[in-house]
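Novice: Each chain, letter by letter, is given below.
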Amino acid sequence: MLYFHIPFCRKACHYCDFHFSTSLENMENMIKAINVEIEIRAKNCQDKEPETIYFGGGTPSILKPEMLGSIFETLHHHFNFGKIREITLEANPDDVTKINLNAWKTLGINRLSIGLQSSNNQRLTWMNRLHSYEEGKAAVFLAQDSGIDNISLDLMYNFPESTSDELETDIQALVQLSPKHISAYSLTIEPDTVFGNRLKKGHLSPLPEESAALQFQQVANSLQNSGFESYEISNFCLPGYEAVHNTNYWFQKPYLAFGPGGHGFDGKARYENLPNNSLYIKKLLNESSLLEKSELLSNHELANEIIITRLRTKWGISNQDFNFHTGIDLLKERSKILKGFIQTRLLTIENETIQLTREGKLLADKISMELLF
Amino acid sequence: MKNIRNFCIIAHIDHGKSTLADRLLEFTQTVDKRHMQAQLLDDMDLERERGITIKSHAIQMVYPYKGENYIFNLIDTPGHVDFSYEVSRSIAACEGALLLVDASQGIEAQTISNLYLAMGNDLEIIPVLNKVDLPGAMPDEVKDEMVDLLGCKREEIIHASGKAGIGIEEILNAVIERIPHPKGDPEAPLQALIFDSVYNSFRGIEVYFRIFNGRISKGDRIKFMATGKEYFADEVGVLKLTQEAQTVMEAGNVGYLISGIKEAKEVKVGDTITQSTNPCKSAIQGFEDVKPMVFAGIYPVETSEFEELRASMEKLQLNDASLVWEPETSAALGFGFRCGFLGMLHMEIVQERLEREFGMTVITTVPSVQFKAYTTKNELLVVNAPSELPDPNFLDRVEEPFIKAQIITKSDYVGGIIGLCMDKRGIIKNQVYLTTDRVELQFELPLSEIVFDFFDKLKTISRGYASLDYELIGFKESTMVKLDIMLNGEKVDALSAIVHREKAYEWGKRLCEKLRELIPRQMFEIAVQAAIGAKIIARETVKAMRKDVLAKCYGGDISRKRKLLEKQKKGKKRMRQVGNVEIPQEAFMAVLKLD
Numbered sequence: 001m002l003y004f005h006i007p008f009c010r011k012a013c014h015y016c017d018f019h020f021s022t023s024l025e026n027m028e029n030m031i032k033a034i035n036v037e038i039e040i041r042a043k044n045c046q047d048k049e050p051e052t053i054y055f056g057g058g059t060p061s062i063l064k065p066e067m068l069g070s071i072f073e074t075l076h077h078h079f080n081f082g083k084i085r086e087i088t089l090e091a092n093p094d095d096v097t098k099i100n101l102n103a104w105k106t107l108g109i110n111r112l113s114i115g116l117q118s119s120n121n122q123r124l125t126w127m128n129r130l131h132s133y134e135e136g137k138a139a140v141f142l143a144q145d146s147g148i149d150n151i152s153l154d155l156m157y158n159f160p161e162s163t164s165d166e167l168e169t170d171i172q173a174l175v176q177l178s179p180k181h182i183s184a185y186s187l188t189i190e191p192d193t194v195f196g197n198r199l200k201k202g203h204l205s206p207l208p209e210e211s212a213a214l215q216f217q218q219v220a221n222s223l224q225n226s227g228f229e230s231y232e233i234s235n236f237c238l239p240g241y242e243a244v245h246n247t248n249y250w251f252q253k254p255y256l257a258f259g260p261g262g263h264g265f266d267g268k269a270r271y272e273n274l275p276n277n278s279l280y281i282k283k284l285l286n287e288s289s290l291l292e293k294s295e296l297l298s299n300h301e302l303a304n305e306i307i308i309t310r311l312r313t314k315w316g317i318s319n320q321d322f323n324f325h326t327g328i329d330l331l332k333e334r335s336k337i338l339k340g341f342i343q344t345r346l347l348t349i350e351n352e353t354i355q356l357t358r359e360g361k362l363l364a365d366k367i368s369m370e371l372l373f
Numbered sequence: 001m002k003n004i005r006n007f008c009i010i011a012h013i014d015h016g017k018s019t020l021a022d023r024l025l026e027f028t029q030t031v032d033k034r035h036m037q038a039q040l041l042d043d044m045d046l047e048r049e050r051g052i053t054i055k056s057h058a059i060q061m062v063y064p065y066k067g068e069n070y071i072f073n074l075i076d077t078p079g080h081v082d083f084s085y086e087v088s089r090s091i092a093a094c095e096g097a098l099l100l101v102d103a104s105q106g107i108e109a110q111t112i113s114n115l116y117l118a119m120g121n122d123l124e125i126i127p128v129l130n131k132v133d134l135p136g137a138m139p140d141e142v143k144d145e146m147v148d149l150l151g152c153k154r155e156e157i158i159h160a161s162g163k164a165g166i167g168i169e170e171i172l173n174a175v176i177e178r179i180p181h182p183k184g185d186p187e188a189p190l191q192a193l194i195f196d197s198v199y200n201s202f203r204g205i206e207v208y209f210r211i212f213n214g215r216i217s218k219g220d221r222i223k224f225m226a227t228g229k230e231y232f233a234d235e236v237g238v239l240k241l242t243q244e245a246q247t248v249m250e251a252g253n254v255g256y257l258i259s260g261i262k263e264a265k266e267v268k269v270g271d272t273i274t275q276s277t278n279p280c281k282s283a284i285q286g287f288e289d290v291k292p293m294v295f296a297g298i299y300p301v302e303t304s305e306f307e308e309l310r311a312s313m314e315k316l317q318l319n320d321a322s323l324v325w326e327p328e329t330s331a332a333l334g335f336g337f338r339c340g341f342l343g344m345l346h347m348e349i350v351q352e353r354l355e356r357e358f359g360m361t362v363i364t365t366v367p368s369v370q371f372k373a374y375t376t377k378n379e380l381l382v383v384n385a386p387s388e389l390p391d392p393n394f395l396d397r398v399e400e401p402f403i404k405a406q407i408i409t410k411s412d413y414v415g416g417i418i419g420l421c422m423d424k425r426g427i428i429k430n431q432v433y434l435t436t437d438r439v440e441l442q443f444e445l446p447l448s449e450i451v452f453d454f455f456d457k458l459k460t461i462s463r464g465y466a467s468l469d470y471e472l473i474g475f476k477e478s479t480m481v482k483l484d485i486m487l488n489g490e491k492v493d494a495l496s497a498i499v500h501r502e503k504a505y506e507w508g509k510r511l512c513e514k515l516r517e518l519i520p521r522q523m524f525e526i527a528v529q530a531a532i533g534a535k536i537i538a539r540e541t542v543k544a545m546r547k548d549v550l551a552k553c554y555g556g557d558i559s560r561k562r563k564l565l566e567k568q569k570k571g572k573k574r575m576r577q578v579g580n581v582e583i584p585q586e587a588f589m590a591v592l593k594l595d
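Chains as they are written, first to last, in my numbering: chain A, 1 to 373; chain B, 1 to 595.
These aren't lab readings, by the way, just hints derived from the structure by calculation. Be careful, since some hints might not be right.
Examples of chain A residues lying across from chain B (beta carbon under 7 angstroms, computed) [stated by the list, open to error]: (1) Tyr185; (2) Ser186; (3) Ser234; (4) Arg270.
Remember, it's a predicted structure, so these values are computed and weren't measured experimentally. Ideal placement from N, C-alpha and C gives every residue a C-beta, glycine not left out.
Chain B on its own, in the form it takes in the complex:
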């Protein structure tokens, strides 16, 4: 155990985490240069394109130092607020962390937030100044910041460049010298933390774990403490570039487990693995059953593709445990699914994966949070979709979920951010200066106000700097109303939303304007109306198309024109006919872009 080091890398997007990880793998000869595909750790297409690591992974390296071989387990962490719980579990699996800061950018707020999480878990932090070879590097200023924030000594900061391969050996040595080896009792009952899982279509779910106490052997009968389910450990092993099966693994190590689990939802990140016959006394602290925060309907653009969509969603759920759904019917859209997501990014990812991996064209309805509605008879109704909100005559009150938001920002932006949060019905709870120019703000905010575009706005106001972390704190009564959208007098339930009464007029007006822009002109006029109950509060008109005919159609024009019209026709496939109106896919998401 004394030769094992478990650590992660805390870094902002673009600060070079993946490149540095690649260099560590090369230097320890875990992978040779020829087999190196840039940024090895991000293996989903989507992750590569978005430049973010959505799901965490782990990799083991062996590094000889002063005549001894050391085992390094590098645990990767996702970098988006939707996945903050996963980050916290990855951190809990480590004894140390590399704090990677871009020498030309300085420390970003999200990094501070994750750094605090790591420090709170008593991780040993190794500060690394990355990209020191770049012309724009300001090593002295950034080092000042790091010293200020960490209370470390200047000489403890390692100069590095993932690109140029500078400082790699120094980092590896520091991991051995500074990060404590894991502590634990191999003879005690098994106690292992699940920090991630991955779906493999051939082998089922692969569970990634960190053993705190005891050992796990191939063939053991094991139990997941939170779900209570029992399995056989068909295979355990360590995560090199490929998986290497082991007969037994001991306290302190990180590895994978295969036990024939078919569905991702059986494996909960943060759960504890123990032996069925000799269970540990208590589970590892910090387990939370991650609950969806945002709900939206997903419908096929072609009604006939409902069954195909169901099959795709089922497959998607195999490797996305946080996605929950149930069938739903919409008057406008027919059969579809009401889905729960961790946040907006998660929702976008699900939609994109449905399109890319399963070739499904889907419509996502206006996202909503979960409300609690009490009827006049004081019955509680859990409302996940606007259509589920009872009629005002039977509605006594509505409670909406509130969050505690923690925002870290440069002090310059405090005014703007407070303004934004007030506009979102927020109440400021606390304001702390972390360093001379970095402030942590705490707000209580309605969840419904932050799920849409809050994060984007926060980024704009703070020029990309501010970070956001939030946790649910409970439900509070609010005056919410259901806002309906009608097209040519017909209510389109998929465009309805539950909004705060004071904001309903503004919301309705802007939504109508946005829809007027997004709904293409058709051969007849379309009235776009917003209504609360029977009362129309806004109206816009999509004028009828009067003329659509090209002047010339001779020799060379014919194929050009055919291609143009074929392209238009293809675009129509992404539109959904509601009544006699064609609505493009983007229109259903219009509420997300209301400014």
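Isolated chain A (complex conformation):
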């Protein structure tokens, strides 16, 4: 599987702390640099038959069709597309045009993740999003008409001073657009963002924890009532429409990442490309070399990652699989803690598989932490 981090945005959303730049001048060179990175990484990569490709960011839909085309050309040169199941592009509504859609389809992109976030235009402006709900809605219809109907929509909730009515309106507005998949994210206030700054200065107060917990459950309940299955803490889909790429992350599948700020994993070590656009370009175009930080995972660290990611999914942690990856008998090593969590109804163990209950999901991080090695 391959991940592309496209570090450009037209405008910075007030909540986002991912790596991106709003200066778009470097885009041409960035594509050249990414192409060099593909050549370098492909050489050292065993698995030349990716199942999934994911364009994230930033805003990958900002790329002109010929830029995306050039990336695909390099990819086809080095990889075999025979096993491809899913190619996802994250798109902002304003980029979803007929021309772009046709180009994307031609390149093989078969899944769009559209950052709709809310049906409330005041909220969208407040978050510094570029689009209105109406524009988002039009984008979804246009994409569906063009034949890309595997669409995932982002929903943001847990806004300051929001009510359950407001949330319900948002949920229903999204469901009405007939997406196959919804990613629902609780607003998280990160330190180095506009919202983080407002929080520090006392100009923004997060929702009280009790309300946040209720909204979390409301999202799950309402989406379930509309036929969506909760297959990960923040991810919901119609039957059979799980995101293949993201699911692979949670099963520790190796993947290559390209672009500044991208994170890759070879099954044993994780690497991060330095999140700096101009350095990334300079290093690759002038020296054909990578600027990455890598970290070999110890067995315990790998075990911890499995706990953290799997516990969030509907599949849970299979003891057998855990043992296969780490040599550790989790049920035995953590029997006392697990017993406590079963008693407090935060998780269940069936067929030697640990799964969170509805209540447990709310405390997924705390529970994972207790189980870590």
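On the provided structure of chain A, position chain B as indicated by the hints.
Specialist: Frame of chain A, contents of chain B only:
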């Protein structure tokens, strides 16, 4: 003997004592510049970091003057109220003292207090104005102060800078000219004062002494008069940069003794060394058996580490004679030790040394002083821990220890300090103006009121100026009650305290509030209650954690999140599970930070 000079340096923290000492060592070529590690005298890590000298040491220098060689013994003194007895013994080993004052700061109260101690021991004082090269120096004002306080002449004050090396030669000359040489009779029976000891893992305890009369030779059979124990002087010598063994040492000199002593508690600072066969008639005056003032339980965070903790405490005790302990059991914490400390700083140092030198993570329970409880049958019980206080039904009365506190301050702060002492149940006994704007206040205070945060508060009120010295004066009856803390209805004995009845409500309320802040939210609600006997006097609630889950967990998020949770997990190792509640280490010390 006429070529020996024994002296110490009296200075406030930061006034440049260590730097000046370094310069003296350099100038006398006791140590060459290349081997100089900054601030040579403070050799424990902890001392360096805290910027205070915890334990005293001594060093010998040789200085040629007008064609003759002079031997200087510089005796270092600790600088904290917990160790005031050690200071007094170091001073007793000297004939003179350098009074070092920062030219930009002026004389601080603690300096005055030690200065008076030195003057009381008839030490010759050489006033030195340090850091004269600094831009903020106010030499004239500070000199006025020094003249005022010492009654010396202005021209007797030496201008110096340890950093820039100014005035070093003048100081060394003054030591010879002004400080009297030691007096004593080398032919008389041995009489030497122990002013310090240091633990050496290879050679056992090194005893530092000053000979007043007689001589000590290698191989002598000697006796420590207070403990009554006898040893052979396996090795005696002088303290240069390294130890230099001597065959014999005479009256007036300062040196070290090694005699195979393994435990620090056999060596008591202030004790007198004499010959077993020809003992001196009387011991040197001023010996006191230093008693612990503060008691607290020390427990391992992991119950399984009890034996390891015991081994660590035993090792610690080898070189910390003032630390006493005995095993203790707590319903909440299991097996641990009840320890006695000289004061709060000493307690903190012990805890820190256990963590740093032995890698032990420990919980220290609420510190307490020693109470005397009388039962209805008029039996006396010595109470070192709240759990030892008898049930109210069998309790007739409680006596608590009182101290005489001597506080020196600038006159501006007198009002605030009197207010603080009254609040701490103090009674003012005396008020004397030492100079026009420096006042000495005397109070009688319950020891239990000053062991916690009194010193910090005193410093705050006086903007860091006021000094505190205290001595125990005895026990007096007080209405003390036992205040218990309950978590979800379960009494946590390690959080209990014995407090004055009038303060119990306030104490209970504030302690509950503090615990609510310090106990992290858990998956269930926690009731924090304070009680006297069966009566609940305060309650706070630690709300249950409702939501703890990050929104996103994709490629780059995974390792970031793992590191975050691994860090949390590590933090948990510093928490102690009591019942089903996890209590962080700091919570046990919450009482120390109640405001």
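Novice: Evaluate each hint against the coordinates.
Specialist: Results for each hint:
With its C-beta approaching chain B no nearer than about 4 angstroms, A/Tyr185 sits inside the 7 angstroms limit, and its interface hint holds. About 5 angstroms separates the beta-carbon of A/Ser186 from the nearest beta-carbon of chain B, less than 7 angstroms, and the hint is met. At about 6 angstroms, the closest approach between the beta carbon of A/Ser234 and any beta carbon in chain B falls short of 7 angstroms, and the interface hint on this residue holds. Because the beta carbon of A/Arg270 sits about 5 angstroms from the nearest beta carbon in chain B, less than 7 angstroms, this interface hint is met.
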